[in-house]
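**Q** Sequence:
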Amino acid sequence: MEPKHERLATPRAAGVAGVVFAILMATAIVLVRTALPDGGDDAAVGAGQRSALRTALELLPLAGIAFLWFMGALREQAGEGEDRFVSTVFLGSGLVFVATLFGTAAAAGTALDESPQSSGFGRDFAYALLTTYAMRMAAVFIITTSTIGRRLGVFPRPLVVLGYLAGLTLLVVGADVPWSELVFPAWALILSLHILRGRRPAGARPAAPT
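Each residue of the sequence shown is one higher than the one before, counting from 4 in this note's numbering.
Don't read these hints as lab results, they were simulated from the structure.
The model shown is predicted, which means the values in this text are computed figures rather than measured ones.
Yeah, the Cβ is synthetic: ideal placement off N, Cα and C, and Gly gets one too.
There's no promise every hint is true.
Pair by pair, the computed Cβ-Cβ distance ranges are [what the hints assert, rightly or not]:
no., residue 1, residue 2, range
1, Leu-185, Leu-98, 31 to 37 angstroms
2, Thr-135, Tyr-167, 19 to 25 angstroms
3, Pro-181, Ser-54, 36 to 42 angstroms
4, Ala-131, Gly-95, 16 to 22 angstroms
5, Thr-58, Glu-79, 31 to 37 angstroms
6, Gly-201, Phe-124, 46 to 52 angstroms
7, Ser-54, Tyr-167, 35 to 41 angstroms
8, Leu-94, Gly-201, 22 to 28 angstroms
9, Thr-113, Gly-75, 29 to 35 angstroms
10, Phe-124, Thr-91, 31 to 37 angstroms
11, Leu-199, Leu-155, 17 to 23 angstroms
12, Thr-91, Pro-181, 31 to 37 angstroms
13, Gly-75, Gly-201, 18 to 24 angstroms
14, Leu-199, Ala-109, 18 to 24 angstroms
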């Protein structure tokens with residue numbers, strides 16, 4: 004039997020992509036929150052805020068690409084043991100999250116306009132997409148990922164519980180709690196570091212001798 008080098012490399016790919024996504028996403032969220040304070044007036048964005056916002060808009064597409072890689076590598080780890088129903092929700096929520104993330108970037112970009120009206124509309128629209136829609140999809144993604152990891156026995160119980168709590172937080176109170184968007188990259192970072200550490204689940208069977 005030929006060795007499956009691709010499958011052996013998948014966990015590391017998922018871990019690295021997850022770390023990259025977590026760092027880029029968290030940085031972009033902080034920059035957007037700083038440049039476009041929620042609940043602010045419709046005054047035009049200042050020079051410093053415009054610079055921070057431009058940096059965030061450059062990072063968001065990269066974060067989306069890293070997330071797609073992260074999601075694909077996670078799904079590959081499930082292999083033949085994946086549940087079609089849960090995997091469909093997993094894949095759908097991840098793709099909608101990325102689409103909504105790009106929509107958030109496009110909406111936030113309108114705040115670079117000198118017009119105060121455009122700045123206010125862009126801020127409000129960007130926050131609606133990020134906190135109400137993108138984070139709801141992130142919550143579904145976290146819950147389905149935790150469910151898959153629990154069923155396959157590849158996630159330890161504390162990580163599964165943490166995933167469910169993070170998902171419920173984003174699903175229920177995400178839009179009402181400022182900076183709660185950071186829960187998603189924090190969860191992705193914790194999961195990715197666990198994958199990179201390469202711990203086997205307690206019930207994992209050793210590979211059969213060749």
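**Q** All hints are to be evaluated individually against the structure, with a verdict given for each.
**A** Going through the hints against the structure:
no., hint, in the structure
1, Leu-185 to Leu-98: 31 to 37 angstroms, "violated (22 angstroms)"
2, Thr-135 to Tyr-167: 19 to 25 angstroms, "holds (21 angstroms)"
3, Pro-181 to Ser-54: 36 to 42 angstroms, "violated (22 angstroms)"
4, Ala-131 to Gly-95: 16 to 22 angstroms, "holds (21 angstroms)"
5, Thr-58 to Glu-79: 31 to 37 angstroms, "holds (32 angstroms)"
6, Gly-201 to Phe-124: 46 to 52 angstroms, "holds (47 angstroms)"
7, Ser-54 to Tyr-167: 35 to 41 angstroms, "holds (39 angstroms)"
8, Leu-94 to Gly-201: 22 to 28 angstroms, "holds (25 angstroms)"
9, Thr-113 to Gly-75: 29 to 35 angstroms, "holds (31 angstroms)"
10, Phe-124 to Thr-91: 31 to 37 angstroms, "holds (35 angstroms)"
11, Leu-199 to Leu-155: 17 to 23 angstroms, "holds (18 angstroms)"
12, Thr-91 to Pro-181: 31 to 37 angstroms, "holds (33 angstroms)"
13, Gly-75 to Gly-201: 18 to 24 angstroms, "holds (19 angstroms)"
14, Leu-199 to Ala-109: 18 to 24 angstroms, "violated (33 angstroms)"
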